[in-house]
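Since chain A is already given, all that's left is putting chain B on it; use the hints.
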Amino acid sequence: AQTVTQSQPEMSVQEAETVTLSCTYDTSESDYYLFWYKQPPSRQMILVIRQEAYKQQNATENRFSVNFQKAAKSFSLKISDSQLGDAAMYFCAYREYFGNEKLTFGTGTRLTIIP
Amino acid sequence: NAGVTQTPKFRVLKTGQSMTLLCAQDMNHEYMYWYRQDPGMGLRLIHYSVGEGTTAKGEVPDGYNVSRLKKQNFLLGLESAAPSQTSVYFCASSPPIAQGGTEAFFGQGTRLTVV
Numbered sequence: 051a052q053t054v055t056q057s058q059p060e061m062s063v064q065e066a067e068t069v070t071l072s073c074t075y076d077t078s079e080s081d082y083y084l085f086w087y088k089q090p091p092s093r094q095m096i097l098v099i100r101q102e103a104y105k106q107q108n109a110t111e112n113r114f115s116v117n118f119q120k121a122a123k124s125f126s127l128k129i130s131d132s133q134l135g136d137a138a139m140y141f142c143a144y145r146e147y148f149g150n151e152k153l154t155f156g157t158g159t160r161l162t163i164i165p
Numbered sequence: 047n048a049g050v051t052q053t054p055k056f057r058v059l060k061t062g063q064s065m066t067l068l069c070a071q072d073m074n075h076e077y078m079y080w081y082r083q084d085p086g087m088g089l090r091l092i093h094y095s096v097g098e099g100t101t102a103k104g105e106v107p108d109g110y111n112v113s114r115l116k117k118q119n120f121l122l123g124l125e126s127a128a129p130s131q132t133s134v135y136f137c138a139s140s141p142p143i144a145q146g147g148t149e150a151f152f153g154q155g156t157r158l159t160v161v
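So the protein lines, in turn, are chains A and B. Sequence positions in the first sequence follow this note's numbering and run 51 to 165. Sequence positions in the second sequence follow this note's numbering and run 47 to 161.
Calculated from the structure, these hints are not laboratory results. As the structure is a prediction and not an experimental result, all values here were calculated from the model. Cβ atoms here follow ideal geometry from the backbone N, Cα and C, with glycine treated the same way. Check before you lean on any hint, since a few could be wrong.
What the hints assert, rightly or not - Here are some, though not all, of the chain A residues that point toward chain B, as calculated from beta-carbon distances under 8 Å:
no., residue
1, 94
2, 152
3, 155
Okay, chain A solo, but in the shape it has when bound:
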């Protein structure tokens, strides 16, 4: 079974600085998708960024970018120019491509933005 590990339960960053959240995963598959979801206090799950495993280029969405290392099974999220609205729980997730296409989550990282 696939597993997703987020080893940083909590992180903090000064406003306008850059922070990197870590995620590792375990799989024997070659094709899959990886995601970062944001969960603000409203509890809503919001997709931040996605990465297709067969694409070598790292995904980028405005201030959010990933460092995808397929061989190392690592998928970190970098947030540049941190803003107060970035404060939230961040979940890394894995979706298998074949089979039942289940979505597996890590345990989350709570990000605090320091004004």
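Positioned in the frame of chain A, the structure of chain B alone reads:
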């Protein structure tokens, strides 16, 4: 466009009572999922469905049952609630990856307390 709607949003149950959580999606998605979210444990998959009339067990299925009689609805039942089932429950839906869908869409969550 409502997306994924969960009913109810909050509920308090007494130990031993039963209840059903309803998830409805209007995006014609094949796949639907039920997760529970507990502090420090991320989102854990309870049951999922890959199409109308199908269901399968996830990571933590004990104490829960599900049904998917209609494509747009996925019901989660607790036959005899226990305090250990106090949690926030999320429903999600997604199209198959082969149909161009990778992202899962989430409901707003149901906070269930069992006393």
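Status of the hints after comparison with the structure:
Taking 8 Å as the C-beta cut-off, the interface hint given for residue 94(A) holds, the closest approach to chain B being about 6 Å. At a threshold of 8 Å, the smallest CB-CB gap from residue 152(A) to chain B is about 6 Å, leaving the interface hint in force. Given hint, residue 155(A) at the interface with chain B, holds; its Cβ is 4 Å from that chain's nearest Cβ, closer than 8 Å.
Comparing the model with each numbered hint stated earlier shows that all of them hold.
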